[in-house]
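Peer 1: This is what each chain is made of:
Protein chains: 2
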Amino acid sequence: MAQKPSILAGTRDILPEVALRRKYIFSTIEKVFQKYGYSPIETPAMEKLSVLLGKYGEEGDKLIFKLLNSGDYLSKRGKRIVEAEDLEKGEKHLTPLLTEKGLRYDLTVPFARFVVMNQNELTFPFRRYQIQPVWRAERSQKGRYREFFQCDADVVGSDSLLFESEFLAIYDEVLSKLGLTSFTIQISNRKILNGFAEVIGQADKFMDICVAIDKLDKIGKDGVQNELANRGVPAESAEKLFELITVEGTNEEKIAFLESRFGETEVGMKGLQELNEVLNMYASFPTWKGEVSFSPTLARGLNYYTGTIFEVQSNEVKIGSIASGGRYDDLTGVFGREGLSGVGISFGADRINDVMAELSLIEALPSSSTQVLLINFGKEYLSQNLSIVNTLRSADISAELYADAAKLKKQFSYANKKKVHFTIMVGEEEATQGILQLKNMDTGEQKTLKEAELVAVLREGMKA
Amino acid sequence: MAQKPSILAGTRDILPEVALRRKYIFSTIEKVFQKYGYSPIETPAMEKLSVLLGKYGEEGDKLIFKLLNSGDYLSKRGKRIVEAEDLEKGEKHLTPLLTEKGLRYDLTVPFARFVVMNQNELTFPFRRYQIQPVWRAERSQKGRYREFFQCDADVVGSDSLLFESEFLAIYDEVLSKLGLTSFTIQISNRKILNGFAEVIGQADKFMDICVAIDKLDKIGKDGVQNELANRGVPAESAEKLFELITVEGTNEEKIAFLESRFGETEVGMKGLQELNEVLNMYASFPTWKGEVSFSPTLARGLNYYTGTIFEVQSNEVKIGSIASGGRYDDLTGVFGREGLSGVGISFGADRINDVMAELSLIEALPSSSTQVLLINFGKEYLSQNLSIVNTLRSADISAELYADAAKLKKQFSYANKKKVHFTIMVGEEEATQGILQLKNMDTGEQKTLKEAELVAVLREGMKA
Chain X
157 MAQKPSILAG TRDILPEVAL RRKYIFSTIE KVFQKYGYSP IETPAMEKLS VLLGKYGEEG
217 DKLIFKLLNS GDYLSKRGKR IVEAEDLEKG EKHLTPLLTE KGLRYDLTVP FARFVVMNQN
277 ELTFPFRRYQ IQPVWRAERS QKGRYREFFQ CDADVVGSDS LLFESEFLAI YDEVLSKLGL
337 TSFTIQISNR KILNGFAEVI GQADKFMDIC VAIDKLDKIG KDGVQNELAN RGVPAESAEK
397 LFELITVEGT NEEKIAFLES RFGETEVGMK GLQELNEVLN MYASFPTWKG EVSFSPTLAR
457 GLNYYTGTIF EVQSNEVKIG SIASGGRYDD LTGVFGREGL SGVGISFGAD RINDVMAELS
517 LIEALPSSST QVLLINFGKE YLSQNLSIVN TLRSADISAE LYADAAKLKK QFSYANKKKV
577 HFTIMVGEEE ATQGILQLKN MDTGEQKTLK EAELVAVLRE GMKA
Chain F
157 MAQKPSILAG TRDILPEVAL RRKYIFSTIE KVFQKYGYSP IETPAMEKLS VLLGKYGEEG
217 DKLIFKLLNS GDYLSKRGKR IVEAEDLEKG EKHLTPLLTE KGLRYDLTVP FARFVVMNQN
277 ELTFPFRRYQ IQPVWRAERS QKGRYREFFQ CDADVVGSDS LLFESEFLAI YDEVLSKLGL
337 TSFTIQISNR KILNGFAEVI GQADKFMDIC VAIDKLDKIG KDGVQNELAN RGVPAESAEK
397 LFELITVEGT NEEKIAFLES RFGETEVGMK GLQELNEVLN MYASFPTWKG EVSFSPTLAR
457 GLNYYTGTIF EVQSNEVKIG SIASGGRYDD LTGVFGREGL SGVGISFGAD RINDVMAELS
517 LIEALPSSST QVLLINFGKE YLSQNLSIVN TLRSADISAE LYADAAKLKK QFSYANKKKV
577 HFTIMVGEEE ATQGILQLKN MDTGEQKTLK EAELVAVLRE GMKA
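From first to last, the protein sequence lines stand for chains X and F.
Under our numbering, the first sequence has 197 at position 41, and the numbering climbs by one with no breaks.
Under our numbering, the second sequence has 401 at position 245, and the numbering climbs by one with no breaks.
Please keep in mind that the hints were generated in silico from the structure rather than gathered at the bench.
Treat the hints with care, since some could be wrong.
Same chains, same label: a pair holds when it works inside one copy or across any pair of copies.
[Said to hold, decoys possible] Derived lysine-lysine pairs resembling DSSO-like cross-links, with alpha carbons at most 30 Å apart: (1) 235 - 160; (2) 606 - 566; (3) 245 - 232; (4) 204 - 218; (5) 377 - 187.
When you get a sec, could you build the whole thing from the sequences and use the hints?
Peer 2: What follows is the structure in structure tokens.
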């Protein structure tokens, strides 16, 4: 008996309308990346577990999908390698005997491996982008998928701050081109956070301070104060910290205020100076719809950032960060290549999609490959219909002829379901007179045309 | 100590130059698919093993990558599910206890599942294309990868032969747009093969005959005769068969000849009639560089084809088929939805890439995201340089400013390695006079220009 098929929890089929819109988002990002000199690379979906494990923390290791070894995996060269006692010892012991491959968990670790392995063939500073799926064995829940795309751009092998200013411009251009009109590109620098810790006399509590102030938006001042107290930061230092991180004004005013307080802390002054340089260079870039704002409370959880940090939020839809990034001094050290500084950014395509849906920007994107449907009135009109459909395609207008002379109702229902914008009818009268009927499916308007006029009229109509 | 990273056998990193060219091939295919009304879909990389197993034969089942169950996979709801005796029974017994997910092995089976599961949301006839990677645990060898992309377009839910004629046009347009100038689109029909078997009195040997004549190109007439004899086809029948399959002439002549021999075989006549209809409709389509040829020896190994079959070969590079396809009466029956006829085609992107490389067509494709590099002479010229680079990007010309004022030799070496076509220099003299030096890196030619002239000059230069 035939089986009723189903799909794995946490995975999804992507239907044409959504697939086309995703493609539009990815290709918008991609075109901007390319314009700024970033080239694509691809890494394999599977990596050796030795490459992946130990890079994402203990929790991350558990969430890596592991592939069962192929073939006769219980033996190796005729020798049994898995025994009953191995089974007894449980999963933690058994797993490395059964598997040596895992699925890509993010794009950063494979990129680091890529840079180290291909360093002789790459041109540094190496700018790359990568738009590929990653897999995480998360507990499945609504809106969280076990397979999703990441869109990253990074440059490695240079500490020039020019790249930071370009990334500000890239965030701005991509999101504006996607139709967002109000969003904030937050910027700060990990060294400024070091400065805070030093200035309040708590240099050894740097990571605790980062973790706490990163939560300010979520848990408020009281919450952060509690958190700081729990982590051993004295109330007096915490008060001093708040005075610093809650500074208001323009970016220049905030920087000037902190400069006045950072006198004794070298690392903090360096952070402010770097930030200042990034913002000064950025002033030469064309601006779109985003606002660049120095945000002293921005900390970014990830340990490996050491310089500039970025986070982008929509001002209209509260959904968390829709893009992020930062500079790291040492991406590839873990794979034996030290001293390669880099900076990178990442767009959260799923969240951007959600923001666009919320703002009704999604509807404006193409939802069907087919722009024009020719209604089929039967074989008598086939050659005329094929002539029209081929004329349209030669003009790069996507068109199809309904394949059978089905009932009109069925053909128009097909056009509507596919959200086709125009239909063309050639019946007996039209065929005799060498004309056609063009119907705008959105407005209902109908026109009688000669085939020779068609392309020009459609191009005009598609603009509207 | 830092580990030296490595990559799994049978997988590959794709570097920028190759990645850009792959993108070009995929996007050429994709644009044509869309123009003909095909919309993209995506299915997950992982499917339930129950969906995948039993669809690709016993050998195929072994080549499916299987994912180890997550978490405490030895137990289920606190109950131990894998015991020492399960281990004793060997892989075949143990594997289903350890895994229930597999990686996509092709795009056809997931598509069949997709159609059945989403049938209420799809508009039939449903045209879709899908360009996604698949994974096969093949023994690794040079040029054979365990991860590779498939590019498929299918339409399901119609038996109209219009789709076949369109697919001929799609093959022709895609391959011609990729620069191929001499290739043959072979077409036949499984029913014609049925006709051969009937006419030579060997209807029950249909599959044997298909398998044997499919090898004619490889093993020659003697080889096929041996193969037929081994499979129990009498020499007299084989002789008769050869007379039929070696018919020469134009497509019309071959069809007419076979019609004269197929008098008594209904299915064979039906095949010829279908073929004739496809070719007649195709005559209304614009033609590019390919030749469409009725090939009576074409059989295609896959069991599920029931009507038209296609196979495309380069006439210049002997590498096997670069594209293929056919009609199947029942794609989704295995998942409980019967009677959905469909027809589909597939492009072999890796082989097309190889043909293009052999014909030196690859070199003409874009190999770098960066078209123009601005040489960096130091911070004094930064604002002028940024103004130029932003002018170029605003005109959709991909450009970058070298990030540091490194030695000229280093900067030009970077330009050469990245295969950048133009460099721009603004030094002291140029800055004072408000001019720039534009150098064509391919010809060595150098011009002095005003910034305002730059975009027009580059657009002209890039055309050449």
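Peer 1: Hint by hint, note whether the structure agrees.
Peer 2: Checked hints:
In this assembly of identical chains, residue 235 and residue 160 lie within 30 Å of each other by CA distance solely across copies; the values are 28 Å between and 41 Å within a copy. Taking identical chains as interchangeable, the C-alpha atoms of residue 606 and residue 566 lie at most 30 Å apart only when both belong to the same chain, with a minimum of 26 Å there against 61 Å between chains. For the identical chains of this complex, residue 245 and residue 232 are neighbours both inside a copy (20 Å) and across copies (17 Å), given an alpha-carbon limit of 30 Å. In the homo-oligomer, the alpha carbons of residue 204 and residue 218 lie at most 30 Å apart both inside one protomer (15 Å) and across protomers (21 Å), since each shortest distance falls under that limit.
For a Cα distance limit of 30 Å, the shortest separation of residue 377 from residue 187 qualifies neither inside one copy, at 41 Å, nor across copies, at 53 Å.
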